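These protein sequences, in sequence, are chains A and B. Sequential numbering from 41 applies to the first sequence in my numbering. Sequential numbering from 41 applies to the second sequence in my numbering.
Just so you know, these hints were derived from the structure itself, not from any lab. Hints may contain errors.
If several chains are the same, the list does not tell them apart, and a pair holds so long as it fits within one copy or across any two.
[As the list claims (entries may be wrong)] For lysine-lysine, the following DSS-like pairs were computed, each having C-alpha atoms within a straight-line distance of at most 25 angstroms:
(1) K363 x K151
(2) K320 x K151
(3) K151 x K369
(4) K363 x K316
(5) K107 x K117
(6) K320 x K363
(7) K316 x K107
It should be emphasised that the depicted structure is a prediction, and the values quoted were computed from it without experimental measurement.
Given next are the chains, with one letter for each unit.
There are 2 protein chains.
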Amino acid sequence: MPSINPQAIREGDRLALSKALTAVENGLPESQEIQAALFPFTGQAHLLGITGSPGSGKSTLVNQLAKFFRCQRTYGKTPKIAIVAVDPTSPFSGGALLGDRIRMQDLSGDKGIFIRSMASRGALGGLAHTTAAFATVLDGAGFDMIIIETVGAGQAEVEIASLAHTTIVVETPGMGDDIQAIKAGILEIGDILVVNKADQPGAENAARALQVMLEMGRGGGWERYPAGKHMRSGPHELKNPNPDPSLPTWQPPIQLVTATDGTGVEELASYVVDHKTFLKETGLWQIKESHRLEKDLEVLIQDLLLREWLDRLEDGQYEVVLKEVVTRKRTPIDAAQSLIRKIN
Amino acid sequence: MPSINPQAIREGDRLALSKALTAVENGLPESQEIQAALFPFTGQAHLLGITGSPGSGKSTLVNQLAKFFRCQRTYGKTPKIAIVAVDPTSPFSGGALLGDRIRMQDLSGDKGIFIRSMASRGALGGLAHTTAAFATVLDGAGFDMIIIETVGAGQAEVEIASLAHTTIVVETPGMGDDIQAIKAGILEIGDILVVNKADQPGAENAARALQVMLEMGRGGGWERYPAGKHMRSGPHELKNPNPDPSLPTWQPPIQLVTATDGTGVEELASYVVDHKTFLKETGLWQIKESHRLEKDLEVLIQDLLLREWLDRLEDGQYEVVLKEVVTRKRTPIDAAQSLIRKIN
């Protein structure tokens, strides 16, 4: 019996929940038992991914959105909301803790909101699995909505955000001028696009630029979903794989928001609800759930394979080959292939 | 004998070089032969990583820096420069090609500059290995400086940038206000910090904010290099692992730049040269080289292990377990462990 009681987590014990999440983060063995106990109860929460560049005001937006939903009965009841700030860089600094503290002040006092930052401290499967495991624990704990906030437009963030049911991409005025914004390409993973800081000059232009990019992306010489050819199971393929043309399709809406004063947050919230309805009606909800679990399985298999292979290596064997590589006698790929031929 | 002649690449044949890079990108078998042929000649180029958010003006800065170096004899001769724009999101869109074309116009006519964007089209080892392989081919082709430009602050970008000898992090005015900028943490991988768009209001403040963050990062309650505890071989550990206190240490300088008119580019270029000198004098150059090759080896081993394991699976075996996961009868981690126990 684990020292953290899954039943306590089910009943809303926050200390037990926090301990469970820390166990997940640190890859402790008991986190597996907790997840196994909670797993049958999962699949209820709406996973909302929010991504955007540093400085785009994502955190403020997430806070506003959470506050808004807590004043509504959108899901038939006032939803319990968990906010997870994924912080791939937190091994580098204490920034996450500082951020948490500041955000806590804003939302403190509301027992229906749980805020937590997340890093992957060497746990099996890395950041992607840790995120999935967090979602399992929070979903099992009865949260109706889990908001996963990621910084940046890197591949890791794109992957994590894509595992959510609904992905919101946050941009700001000025990005429309810059060719990099086109390159960033994360627009194409967004189910809802937000131009935050809409009180600043250029917000309307930015929204128009996004609209143009979306339209270019849907034809006009831009290849929209070529990823399927390159990646084994890219979540972006799932955006609209609707086989039945009579079912509705989803056009990503673009919403102007001023997160600092709440302008546009109500409209954004209604798009979030619309998207959930869309997913449920088209069956995409279940497809995304399955995809998320499959992706998680894949990451874990890869990580376990490496760990087991490393255990089979004899002392010095790796070092000999590494030395050949470092002295440029042998390319890394030749070395990798010969090592695996030997130890397998 | 491969259809692309490595000797032609050594002699400056650009068509052969382009073909080789495309072969690397697409993971073609002949790319391995080309790399093996060029590998003994590598280890000469200065690998310069440049990272920053979309919209920070990285590309303009890279162009200015390249133009500046081409007018100097900094490395005892006019350096041949390759620019690689790493585009982790390019499977999603045609943005990279568009960007290349616009940049070509600016630098065209200079035979000493080679520009290329890079994606990982399912090649073994993914984006990180493709970047390393690009560096091998370009280094072997005789480029003195290889500028690797990455978009965003994601884990993939941080990793790629960190594999360079010298990493430049580009920020812009306004970021200093935002707690996300602290969270982003990429500051701590920067050997040189740039505040671009220094003609805009707030540039001096941004530089001061960076200075404060750097100082906080070096003590004052911030844990600076805890990553070693969590990651097997984080490149950030290599920034200053100087065992001999009599050797010089590197304090990341902060440089104000206006890339659009070239202000500050000369100073930035001199910091780049200073950092190379620092690395060579302290022996860190060789340590970084070794680390880069080791990291590459690691990524390739992991990818090969997964591919070989997948080949050993019987038809349907994976599907049975996946179904148990998707129906929530079994957690992904239980499923992964049992599958690996069976097939290994």
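Results of checking the hints against the structure:
1. Taking the closest pair of Cα atoms, K363 and K151 never come within 25 angstroms of each other, the shortest separation being 56 angstroms inside a single copy and 36 angstroms across copies.
2. For a Cα distance limit of 25 angstroms, the shortest separation of K320 from K151 qualifies neither inside one copy, at 28 angstroms, nor across copies, at 56 angstroms.
3. For a Cα distance limit of 25 angstroms, the shortest separation of K151 from K369 qualifies neither inside one copy, at 61 angstroms, nor across copies, at 31 angstroms.
4. For a Cα distance limit of 25 angstroms, the shortest separation of K363 from K316 across copies, 24 angstroms, qualifies, whereas the shortest one inside one copy, 54 angstroms, does not.
5. Taking identical chains as interchangeable, the C-alpha atoms of K107 and K117 lie at most 25 angstroms apart only when both belong to the same chain, with a minimum of 14 angstroms there against 61 angstroms between chains.
6. Proximity of K320 to K363 under the C-alpha cut-off of 25 angstroms is restricted to the inter-copy arrangement: shortest distance 20 angstroms between copies versus 55 angstroms within a copy.
7. For the identical chains of this complex, K316 and K107 are intra-copy neighbours only, at 19 angstroms inside a copy versus 51 angstroms across copies, given an alpha-carbon limit of 25 angstroms.
In this structure, the hints that do not hold are numbers 1, 2, 3, in rising order.
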